[in-house]
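Novice: Protein chains in written order, with numbering that gives the first Met the number 0: chain A, 0 to 241; chain B, 0 to 288; chain C, 0 to 352.
In case anyone wonders, no lab produced these hints; they're calculated from the structure.
Here a beta-carbon is modelled for each residue, glycine too, at the ideal position from N, C-alpha and C.
Keep in mind that the hints are not guaranteed to be accurate.
What the hints assert, rightly or not - Facing chain C, from chain B, some residues (calculated, C-beta under 10 Å): (1) Met187; (2) Ile188; (3) Glu261.
Unchecked claim - Label-pair ranges, simulated between beta-carbon atoms: (4) B:Phe283 x C:Ser114: 17 to 23 Å; (5) C:Gly290 x B:Leu158: 49 to 55 Å; (6) A:Arg233 x C:Arg7: 56 to 62 Å; (7) B:Ile270 x A:Thr70: 52 to 58 Å; (8) C:Ile303 x B:Arg184: 37 to 43 Å.
So the chains spell out like this:
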Amino acid sequence: MKKRAAETVVETRGLCMHFGGVRAVDQVDFALEDRELRCLIGPNGAGKSTFFKCLTGQLTPTAGEITIRGTPVAGAQSHEIASLGVGIKTQVPNVFDGLTAEENIWLSARRWHGGARARTLTAETIERLRLGEIRRSLVGRLAHGQRQWVELGMVVAAEPWLVLLDEPAAGMTHEETARTAELILEINRTAALIVVEHDMQFIRMISRRVTLFHEGRILMEDTMDAISSDRRAREVYLGHRA
Amino acid sequence: MDQIAALIIQIAYGIANLALISLGLAIIFGMMRVINLAHGEFLMLGGYTVVVATNNGVNLWVAMLILAPLVVGVIGVIVERLLIRWLYGRMVDTLLATWGLSLLLIGIVTSIFGASTATTVSVPIGVIRIGEYTVSGYDIFLIFVTLCLGAAVFAVLKLTKLGLVARGTMQNAQMASALGVSTSRIYMITFGLGAAVSGLAGGLLAPVTGVLPTIGATYIAKAFITVISGGASILTGTAAGSVLLGGINGIVAYITGPTFGEVALLVAAIILLRLMPRGITGRFFRKSL
Amino acid sequence: MNSGSTLRAMRPTFIFAAIGIVFMLFAPQVLALFTIINLTTAIALAILALSLALVWGYGGILCFGQVAFFGLGAYAYTIGAINFGGSTWAILLAVAVAAAFAAVVGYFMFYGRVSDVYLGVITLTVTLILYSLIRRTSGPEYKIGNALLGGFNGVGSPPLNLPWNARAFLFPEQVFYVAMAALILAYVFAGWLVTTHFGRVCVAIRENETRAELLGYDARAYKLGIFTISAGIAGLAGVFFCNGVGRVTPDVFGLYNAALTIIWVIVGGRGTLIGPIIATFGLFYLTASLGGQQTLNNNLVLGIILIVFVLLVPRGLAPTIADWFTQGRRGRVGAERAARRARRRAGAAEGGK
């Protein structure tokens, strides 16, 4: 199949997620192109994480449509969305604590590939993420940053074409953050990405285009530089933090 | 006409019976999110209290309405202090520990009173005639008591401080502790109260069913289904579960006989859970008591 | 993960299976016939314990009603053997009925996303309803084919016969061999199953259902799968149970038996297969020896055992003993120990929600 350069792979139309009277996500129209790397930012409660959870099937939106490569997925189960070839990393490290790092990654690779291929993929992923030293350690005993990396490893090992990451650099040291940024750029060579993030420095390392959420809506969509110099954006977000 | 009246009373009794045997379980589950597998044994202990008390010359009504809830309530408080409170927040372990308690209570009662009934208590009210049909006067009395008990629980939930916390806990399990209310004391009282209601129910049913150490098993299946189908709201849940399941049981039993009444009840409950995993009050009437 | 590591992972399974084979061959030479008949019943119960160890210890599914499948297996075998006039198809029928019933009940529970505590209560309720249902079937109108259900008196179970000759009934000693072989096979099968891709996904779902779903595994289907398989094993246990006892009564569905199954697995240890099997034999002889006297009631003793284990030895004996032996040894075993600890923490956190 020949892909057009600017094929839209994720699209939401009129997406709403209401909790009682709270409009956490309100009429969001969003589009992501193939091989794009998009960051979602916004102050706490802006709705970006809720938006993310709607995309990943952890929440069923109140109204609106979500399509991933033309497949409507609003209200689909997480495993159905993942089965489209989407790699997902949630905000809280979501790993199999009682299994080793290697088993964690193998479970991801084996979902899509036969035994032999899954084994090589697992080995490659461990190498690529430099998890060799902890491959036989139980994930439940690893440090926070390492657990994040194991989860990233699980995302990578599935060879997804679309990757959704919720705060991948949370709780990481400077060095780990830089490595994560490198990895994300590397993933971007073969996959489109949506990254929800707080850390401005981190976003500067990876971002091309940034979507700024505010009060459940998209306030603006531009490059990080343009957003930093925008008065409105500074008021709702950057001003509070800088 | 008379036949319909008799049938309605019979179904109403079935519903009241379910509500009566479930309410104590629902109180403990609704407020503490503890499923008490020893619930049936609390009912059994209520029955034994009545038998032992009347054998020693206590008036039957005093034994059923005062002694049974009192004795079982005290046992409930002791159990909560000695066992349940070590396991808060560990739902599976609580379930297992209360199962152990259930066996233990059966074992203790069997050791003291033997495996079969020593004396039974006779039903204190005779039959009432409706045309050519008769209904048990005691059944009607039980319907009345169940309604009174429901009203009493409603009053406690609505008017007392305990009720306030209970309502908070039912809507948000974390809220009570966030409010800084001494949950430990509240839990102790709740468990005691739930046990007392179970004891009352067991005492009231003793004349109808007789007493046996293992009689709890005949109650718990129905009580579990009612409470789980009803959901976490103590009163609305129990009422909704009892009416729905008791109604189905009554109607099917009337048509096909008692064996299939229970099957219909179970099938209805399982299908209900597929549609509403958190019970009727998890879907509807969410803010109810 | 490859065949080599599967073999390595299954080494303890083969060791225990070998011990079982030795026991199977020598026990009839040493023990009295009465003991052998009793042992057949214990073996049937051990298969039941194995089925619960699989679904609860590995699948993380809190099934309090494993005896429902066990009892259905026993009834299906008995009714089948009476009607078919032979045991071979009746055994298959028993396994199929138990598994099919589990598949239906499991569909409603797992696809309704019923949480674990509810699951325990619902499965227990199903069992108790079956109990009161089958007790009511004493009238002559309750018959399936040639088999009268007999209410609380139950039905006499025809013994096993040779597959090719329905008149050649097996002697109790031969039934013992068959039952023991079935236990060993079921044990090796379960041990193999947990090393397969399917088994590992089940363990992963036990560890973290959300993550498994995010990897694209449909947790509901896997849970239903392991639930159905373990119910089939429980149904097989029912076959040997009614062979050992000679008849099947509604008591197979009773609360006491349901509690026993749970106690075997708690005492033996969740997350192992051999622990619950050994615990079953141990407790079988404990309750048998208690049965002869009056002061210490079986219920009382079992209740105390259950409470003590939940409060003080929540992991059960097999993991605890394994720890004593491997203290100081590093690597995989120590890691497993910590895993169990982590799992328990996760379980506690889960429960706190």
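Novice: Which hint numbers doesn't this structure obey?
Specialist: 1, 2, 7 and 8
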